[in-house]
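S.K.: So the chains spell out like this:
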Amino acid sequence: GEDVEQSLFLSVREGDSSVINCTYTDSSSTYLYWYKQEPGAGLQLLTYIFSNMDMKQDQRLTVLLNKKDKHLSLRIADTQTGDSAIYFCAESMDQGAQKLVFGQGTRLTINP
Amino acid sequence: GAVVSQHPSWVICKSGTSVKIECRSLDFQATTMFWYRQFPKQSLMLMATSNEGSKATYEQGVEKDKFLINHASLTLSTLTVTSAHPEDSSFYICSARRSNQPQHFGDGTRLSIL
Chain W
1 GEDVEQSLFL
11 SVREGDSSVI
21 NCTYTDSSST
31 YLYWYKQEPG
41 AGLQLLTYIF
51 SNMDMKQDQR
61 LTVLLNKKDK
71 HLSLRIADTQ
81 TGDSAIYFCA
91 ESMDQGAQKL
101 VFGQGTRLTI
111 NP
Chain L
113 GAVVSQHPSW
123 VICKSGTSVK
133 IECRSLDFQA
143 TTMFWYRQFP
153 KQSLMLMATS
163 NEGSKATYEQ
173 GVEKDKFLIN
183 HASLTLSTLT
193 VTSAHPEDSS
203 FYICSARRSN
213 QPQHFGDGTR
223 LSIL
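So the protein sequences, as listed, match chains W and L.
The first sequence begins at 1 in the working numbering and counts up one residue at a time.
The second sequence begins at 113 in the working numbering and counts up one residue at a time.
Calculated from the structure, these hints are not laboratory results.
Ideal Cβ positions, reconstructed from N, Cα and C, are used throughout, including at glycine.
Be aware that a few hints might be false.
As the list claims (entries may be wrong) - Computed footprint of chain W on chain L, listed as stretches where at least three residues anywhere in the stretch have a Cβ under 8 Å from a Cβ of chain W:
#1 193-199
#2 217-225
Unchecked claim - In the BS3-like style, the derived pairs of lysine-lysine whose C-alpha atoms are separated by at most 25 Å in a straight line are:
#3 K126(L) <-> K176(L)
#4 K132(L) <-> K178(L)
#5 K99(W) <-> K132(L)
#6 K68(W) <-> K56(W)
#7 K56(W) <-> K126(L)
#8 K176(L) <-> K56(W)
#9 K176(L) <-> K132(L)
#10 K167(L) <-> K153(L)
#11 K68(W) <-> K99(W)
#12 K132(L) <-> K167(L)
#13 K56(W) <-> K99(W)
#14 K126(L) <-> K99(W)
#15 K67(W) <-> K56(W)
#16 K176(L) <-> K68(W)
#17 K70(W) <-> K99(W)
Claimed, not checked - DEER-style ranges, computed between Cβ atoms:
#18 Q172(L) <-> T25(W): 18 to 26 Å
#19 R210(L) <-> V19(W): 43 to 51 Å
#20 S211(L) <-> L61(W): 35 to 43 Å
#21 M157(L) <-> T25(W): 14 to 22 Å
#22 G15(W) <-> S127(L): 22 to 30 Å
#23 D16(W) <-> D139(L): 44 to 52 Å
#24 Q141(L) <-> S7(W): 33 to 41 Å
#25 D139(L) <-> R60(W): 22 to 30 Å
#26 A41(W) <-> E164(L): 40 to 48 Å
#27 K68(W) <-> I124(L): 46 to 54 Å
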């Protein structure tokens with residue numbers, strides 16, 4: 001079955017880089033996503049990567065995909081207090097309906 | 113682009129009341145809309161998938177008579193929680209997508225049943 005795993009908590013100092021990790025089980029995943037959820041809000045799409053890519057960079061965000069190990073990571077450079085949130089990794093395999101399977105979410109805390 | 117609006121953002125009502133939540137795609141036509149439920153400090157649980165003009169597909173364990181979904185147009189889907197009870201209190205989030213594009217989410221509706 002489909003399963004996505006993330007560690008629940010990450011704490012970093014302001015200005016440092018944050019690396020949030022995710023593993024998934026189904027090798028037929030076609031798209032992998034990172035969403036951000038702030039308290040009391042919905043999910044904001046940060047970035048996504050196709051399964052035939054190894055890396056994608058967008059300003060402070062870098063996504064790395066190791067398809068062999070089924071491992072996805074999100075690196076946030078120069079982490080700021082506004083980056084405090086829960087980050088969800090998600091995968092989709094169903095090309096038609098694009099159903100998402102979410103991880104448990106990683107709560108990122110920024111220390112001054 | 114790809115803005116999804118959800119309304120209301122917060123509703124409190126008495127047990128036995130039916131509550132309707134709206135989800136609108138503001139700047140695109142959504143071929144598919146999704147409804148999720150999120151419990152405190154947990155991930156999102158998909159409730160149902162709906163395509164415009166057709167019946168929603170419900171996930172296993174979700175009561176279709178309890179959670180009525182209508183997707184009458186390419187920009188609007190509604191979720192009605194019928195005869196709501198305290199155990200239905202939760203955070204409900206919708207998302208919408210157009211063909212071959214990622215899902216974009218609304219800001220969620222916090223439902224509290226007294």
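S.K.: With reference to the structure, classify each hint as holding or not holding.
M.R.: Hint check:
With 0 residues having a beta carbon nearer than 8 Å to a beta carbon of chain W, the segment 193-199 of chain L misses the requirement of three or more and the stated coverage is violated. Residues of the segment 217-225 of chain L with a Cβ under 8 Å from some Cβ of chain W number 5, which satisfies the need for three, so the listed coverage holds. With a C-alpha separation of about 21 Å, the suggested pairing of K126(L) with K176(L) holds against the 25 Å cut-off. A threshold of 25 Å between alpha carbons decides the hint, and for K132(L) with K178(L) the separation of about 12 Å falls inside it, so the pair holds.
Distance restraint check for K99(W) and K132(L): the Cα-Cα separation of roughly 24 Å lies within the 25 Å cut-off, and the hinted pair is therefore satisfied. A C-alpha spacing of about 17 Å is found between K68(W) and K56(W), which places the hinted pair at or below 25 Å, so the restraint holds. In summary, the hint linking K56(W) to K126(L) is not supported, as the alpha carbons are separated by about 48 Å, beyond the 25 Å threshold. A C-alpha spacing of about 40 Å is found between K176(L) and K56(W), which places the hinted pair above 25 Å, so the restraint is violated.
For the proposed pair K176(L) and K132(L), the alpha carbon gap of about 14 Å is at most 25 Å, so the pair holds. Distance restraint check for K167(L) and K153(L): the Cα-Cα separation of roughly 31 Å exceeds the 25 Å cut-off, and the hinted pair is therefore not satisfied. Of the pairs offered as hints, the one joining K68(W) and K99(W) holds, with about 23 Å between alpha carbons and a cut-off of 25 Å not exceeded. For the suggested pair K132(L) and K167(L), the alpha carbons sit about 17 Å apart, so the restraint of at most 25 Å is met.
At roughly 22 Å between alpha-carbon atoms, K56(W) and K99(W) fall within 25 Å of each other, so this suggested pair holds. For a cut-off of 25 Å, the pair hint linking K126(L) to K99(W) is broken: about 33 Å separates their Cα positions. Restraint check for K67(W) and K56(W): satisfied, since their Cα atoms lie roughly 14 Å apart, inside the 25 Å limit. The suggested pairing of K176(L) with K68(W) is violated, with an alpha-carbon distance near 39 Å, which exceeds 25 Å.
Straight-line distance between C-alpha atoms of K70(W) and K99(W) comes to about 19 Å, which keeps the hinted pair within the 25 Å bound. Between Q172(L) and T25(W) the Cβ separation comes to about 19 Å, which falls inside the hinted range of 18 to 26 Å. In this structure the supplied range 43 to 51 Å is violated for R210(L) paired with V19(W), their Cβ-Cβ distance being about 32 Å. The beta-carbon spacing between S211(L) and L61(W), approximately 25 Å, falls outside the hinted interval of 35 to 43 Å.
M157(L) and T25(W) have their C-beta atoms about 18 Å apart, which keeps the hinted 14 to 22 Å range intact. Range check, G15(W) to S127(L): about 49 Å between beta-carbon atoms, so the 22 to 30 Å window is missed. Restraint check, D16(W) to D139(L): a C-beta distance of roughly 36 Å breaks the suggested window 44 to 52 Å. As the Cβ distance of Q141(L) to S7(W) is approximately 38 Å, the hint placing it in 33 to 41 Å holds.
One distance hint, 22 to 30 Å for the beta-carbon pair D139(L) and R60(W), holds here, with the actual separation near 26 Å. Between A41(W) and E164(L) the CB atoms are about 26 Å apart, so this pair departs from the stated range of 40 to 48 Å. Taking 46 to 54 Å as the suggested C-beta distance range, the pair K68(W) and I124(L) conforms, at roughly 50 Å.
Violation of the numbered hints given earlier is confined to hints 1, 7, 8, 10, 14, 16, 19, 20, 22, 23 and 26; the remaining hints are satisfied by the structure.
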